[in-house]
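A.B. asks: In this text, residue positions in the sequence shown follow my numbering: the first is 18, and each later residue adds one.
In short, the hints are calculated from the structure, not lab data.
Possibly wrong hints are sitting among the right ones.
[As the list claims (entries may be wrong)] Quick list of in silico lysine to aspartate or glutamate cross-link-like pairs, DMTMM-like style, CA-CA up to 25 angstroms:
hint, residue 1, residue 2
1, LYS284, GLU220
2, LYS233, GLU148
3, LYS66, GLU82
4, LYS260, GLU277
5, LYS233, GLU269
6, LYS162, GLU129
7, LYS146, GLU127
No experiment lies behind these values; they were computed from the predicted model shown.
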Amino acid sequence: CLVLLGAAPRALTLEQLQAEIIALVRWALARGIRITSDFWPDRLAHVDKLANSMVGMRLLIRYDEGTEIVYGIEPDQHPVASYYRNTIIHHFINKAILELALLKAADSPEDEAAAVFWQETEQLRDQFKFEFFYPRKKRFRKELKEELARIDAGWERRLESGGQGALALLSDMYPLVAHASLLPYVEAYSVVFDLLARLDPGESMDEDVCVNRALKEGKQAYLQRRITSEASIGKILFSNGFKLARNLGLTEGGDENLRERRNRLLKNFKELSRRLDRIRLLAMSEDPGR
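Please take these sequences and the hints and turn them into a complete structure.
C.D. replies: Below, the structure is given as structure tokens:
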């Protein structure tokens, strides 16, 4: 589900699906994450049986009338597939944060890349604090450094070299997971922040009203393909987006400056969505099976 949701709306061939799963499993095993023996790399020849079983559950679609058989998530089953994905997503959050922060650093002036990178990791941690549990900041940064060191012992030098170094480091982090892990949260939060940005500065909005409006606006956004999946439409997602805005002091009416702050938050999340799309394209280009 993680792999296919990350690829959506594209379907994948069996070879692509298998290659992506093996890459993720190897990444997890290298970090001591426990994996059922069914998913050990030397036993993954059964992926077709698993995929066809999920077709029988009506979770996946299987198309076999072209030159290759391809699999994808049934469009109306994205929320269900997201439920399965979310049971393991906590293992990938640090990696997703690193990927997004490296891409931010890659777009920064050379002498600011390292500072931008660390500032972005802290901001992303804070932006999703209503979704995930993190260790204390000192431990969190230590975990990020450990992950970077697994990729390249010389990561600090490459990061400090500026944009190209950060981008090259990001490319070495395959399999990339940020787009498959965080996109529903970014899209759902953006719906909430858009509602707040439309208010006059003196207007307030309470949580129940916001969530109810977001459910309707989210459906419209999905039909217009401004969000990619119905997995981004949900009461809990919208409620947590509201909590973040409230935590930032953006839900109660205020002076004219409030308009700018609401718009800035919305703009930040739209930029985050664009970064996730870039990572998704990079993930596809890095995988020779695609």
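A.B. asks: Hints numbered earlier in the text: which of these fail when held up against the supplied structure?
C.D. replies: 7
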